[in-house]
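Protein chains in written order, with my numbering: chain Z, 1 to 228; chain D, 1 to 228; chain U, 1 to 228; chain V, 1 to 228.
Worth flagging that the hints you see were computed from the coordinates, not collected in a lab.
One thing to keep in mind: the hints can contain errors.
Cross-link-like lysine-lysine pairs, in silico, DSSO-like; alpha carbons within 27 Å at most [unchecked claim]:
(1) Lys-89(U) - Lys-89(V)
(2) Lys-89(V) - Lys-7(Z)
(3) Lys-89(U) - Lys-7(D)
(4) Lys-36(V) - Lys-89(V)
(5) Lys-7(D) - Lys-142(Z)
Derived CB-CB ranges, DEER-like [unchecked claim]:
(6) Thr-119(Z) - Gly-224(U): 36 to 44 Å
(7) Ser-210(Z) - Arg-131(V): 29 to 37 Å
(8) Gly-224(U) - Leu-34(V): 51 to 59 Å
Just so it is clear, CB atoms sit at the ideal spot from N, CA and C, and this is done for glycine as well.
The chain contents come next:
Protein chains: 4
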Amino acid sequence: MTVELVKHAAEDSDVATAARVSTIGENHDRIVDLTKDAGLINYLMRDRHGSPFEHTSFTFFVEAPIFVAREFFRHRAGWSYNEESGRYKELQPVFYVPADGRPLRQVGKPGAYRFELGTYKQHMMVTGDIRRVSTEAYTTYKRLLDLDVAREVARMVLPVNIFTSFYATCNARSLMHFLSLRTKDETSKFPSFPQQEIEMVASKMEDTFSLQMPLTWDAFQANGRVAP
Amino acid sequence: MTVELVKHAAEDSDVATAARVSTIGENHDRIVDLTKDAGLINYLMRDRHGSPFEHTSFTFFVEAPIFVAREFFRHRAGWSYNEESGRYKELQPVFYVPADGRPLRQVGKPGAYRFELGTYKQHMMVTGDIRRVSTEAYTTYKRLLDLDVAREVARMVLPVNIFTSFYATCNARSLMHFLSLRTKDETSKFPSFPQQEIEMVASKMEDTFSLQMPLTWDAFQANGRVAP
Amino acid sequence: MTVELVKHAAEDSDVATAARVSTIGENHDRIVDLTKDAGLINYLMRDRHGSPFEHTSFTFFVEAPIFVAREFFRHRAGWSYNEESGRYKELQPVFYVPADGRPLRQVGKPGAYRFELGTYKQHMMVTGDIRRVSTEAYTTYKRLLDLDVAREVARMVLPVNIFTSFYATCNARSLMHFLSLRTKDETSKFPSFPQQEIEMVASKMEDTFSLQMPLTWDAFQANGRVAP
Amino acid sequence: MTVELVKHAAEDSDVATAARVSTIGENHDRIVDLTKDAGLINYLMRDRHGSPFEHTSFTFFVEAPIFVAREFFRHRAGWSYNEESGRYKELQPVFYVPADGRPLRQVGKPGAYRFELGTYKQHMMVTGDIRRVSTEAYTTYKRLLDLDVAREVARMVLPVNIFTSFYATCNARSLMHFLSLRTKDETSKFPSFPQQEIEMVASKMEDTFSLQMPLTWDAFQANGRVAP
């Protein structure tokens, strides 16, 4: 999985500045007071005043398998996407295969699943089968292209573990909403059960977020990881 | 492809009623005058007053391959989705295979592609290869499930031509925006180059739309198929 | 304040049906089982699976002062509006004046204001002043119109307590988000401090909502009035 | 009217980079080729590929009368707002009064209004009446505040020409949609009839936009000022 921050216009002071227009009007060239900003941001998060967090922008470049992209793109509000197209471009033979530590067995009831490590045999079968099907599918894809079949038809044989790439632009509010659903965290007020592969992507995005907007991230964490 | 209208609250008079609040205030129990409504709706479409078209609601149930669903879900504004989950449910062995008349060769330059029918050999190869890869992938999927591997892992081998199903709710405005991009039509003011399979879905949705909201559909058609 | 439900396509079973597509695929002509639906809806609310609540639609006709409409229209996601226009229509002389029981004094600190009843003198001054300024403004408005001044110019003198009217269409998810911010309720997990006049509107909308979707409303109430 | 660009992350190359992910995958550290970018951006605009324009962000600080803010905030998709609050802050006595050249007479039919300059008498009456009503309303507002009446009650007397201030964040796509509706321009493919005061704001925003994203602005202009 690749997650790169391509560009951003997102700082804690953007949140504080936008929020203060409610109470003191124009203030965007004021001196930053970290202590006051931290208190204000925490108050906004706690009482769910979400709009001040929207005056920020992050653009990420992500490489992930199609089954992850499909979950990702379900996030609509405050998200913009441009993705590699299997109609316009020949896809590259890069496929996701679970690493050794990836839990393989699902136990428990719907809504409360948990995962356990697989047996040695399960790991051998999973990685072997995924490699074999991916290879066979890609070989078929290439043969159809060589026969001058349109890319949009040939790609129909490719499995959902093939990598795709996309730009995703969001703001701090839509990003926190994404993180609250696509990560597991014991400090979270609400349970979530993300598939491990999207959590790997979300976790890298959260690293970036916490570096760029540390006060906002602290407040997110301190308030049960609920997006305001 | 399946497209069923599950429910709707969408009539031409909804558009006219909402629009008239601008000029005459409350009027929602007025007598419907089709001639006046047709004129008003045409004016709204022509001058791009889009909001009156939003007070309508269509819920569709759709069955389509994943590669179609992926294009469909890129429509965010005014669309709501719930889809079958490969994490929660064992997927059924239903795969899309292009029919005989499906053009297979892409010619021309990016942005102006056109498609031509394939040769006999191309058709044989395409349908044979797609069937073979789909069967092999599904057999592998089932074997992994039998080994007690989690559904969310086993599904990684499945190709993007497997069918998925989803509910999609939209309003007349977001539906027209979808139709303007996902159908080809000579009366359209702007070119569009949808993949044939999503156009098959869009076309069925348009049949429903034109029956439920004939005046709105007429105005859409008469004004170059540009969503207001 | 007027709140009328103009039309709706919104039942508890819509939520349950949309949710079940994740786990059992097509099921939209199934028999409704209220007990199972109640359990499912409560689970969706608790774990913040919000999208199934979006396949529903309510259209309201609202009459309220401009200062209420201004707060109302800040709700963007999942809301559609058409409003009476001061550019296209002569506005009617209907103004909001606080009733006797309306608390007039704000005490406490920002973020934790509370209101107390006014003194007799305050009530006399408030109602007298609001009536006088409204009357004077409307008289001026009419005189400018009589002088053939454009409506869009003449209306500049009108105060924000003049009534406006609008259609608002939403779904159950966007409606719950609105209610969570625009009502005060002791069972709410998060504090909110709505102005009393918008709470009067919100409260009427909530009555309608609880009648049309009783299981959803129960789950909303039981889960701290947090929109999923 | 005040329009200040507070911050931005918006360049023509952002559009081109995002668009190229469809056809060539990752390319965000490529050398900028203005000629190629101009051609690509023009193609995207012409064929309404809107999403690449969304990976950009502008934050404006705006001061305008309430009747302008009310029209502004009707733009929902791709817009974020934070506004001065009459509940949390004492409003300042700054009111909009039309300047001498402001046309005052509306002639023609709905949907095709045009405006003509007013007579000397009309101008005298309009400016005199607006000043008088504004002054009287503000004096009343202050007297109610002095009597310890809550700000949210006292403000009910204030007219819609009082200035408010807000932060508005958008992307290039949502900005173009706003401009297409809130400016008049002979090169526009669709007619629009904005009120002059919001056009004054829009026009300042367009100046900023054309400086920051000249290729995108050129393509917008060359393609009939229709947002993609």
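Now the hints, each set against the structure:
1. For the suggested pair Lys-89(U) and Lys-89(V), the alpha carbons sit about 32 Å apart, so the restraint of at most 27 Å is broken.
2. Distance restraint check for Lys-89(V) and Lys-7(Z): the Cα-Cα separation of roughly 35 Å exceeds the 27 Å cut-off, and the hinted pair is therefore not satisfied.
3. Taking the CA atoms of Lys-89(U) and Lys-7(D), the gap is about 35 Å. The hint is violated against a cut of 27 Å.
4. Straight-line distance between C-alpha atoms of Lys-36(V) and Lys-89(V) comes to about 50 Å, which puts the hinted pair past the 27 Å bound.
5. Only pairs whose Cα atoms come within 27 Å are accepted, and Lys-7(D) paired with Lys-142(Z) is rejected, the gap being roughly 43 Å.
6. The beta-carbon spacing between Thr-119(Z) and Gly-224(U), approximately 42 Å, falls within the hinted interval of 36 to 44 Å.
7. At about 53 Å, the CB distance of Ser-210(Z) to Arg-131(V) disagrees with the hint of 29 to 37 Å.
8. Gly-224(U) and Leu-34(V) have their C-beta atoms about 54 Å apart, which keeps the hinted 51 to 59 Å range intact.
Of the numbered hints listed earlier, those contradicted by the structure are 1, 2, 3, 4, 5 and 7.
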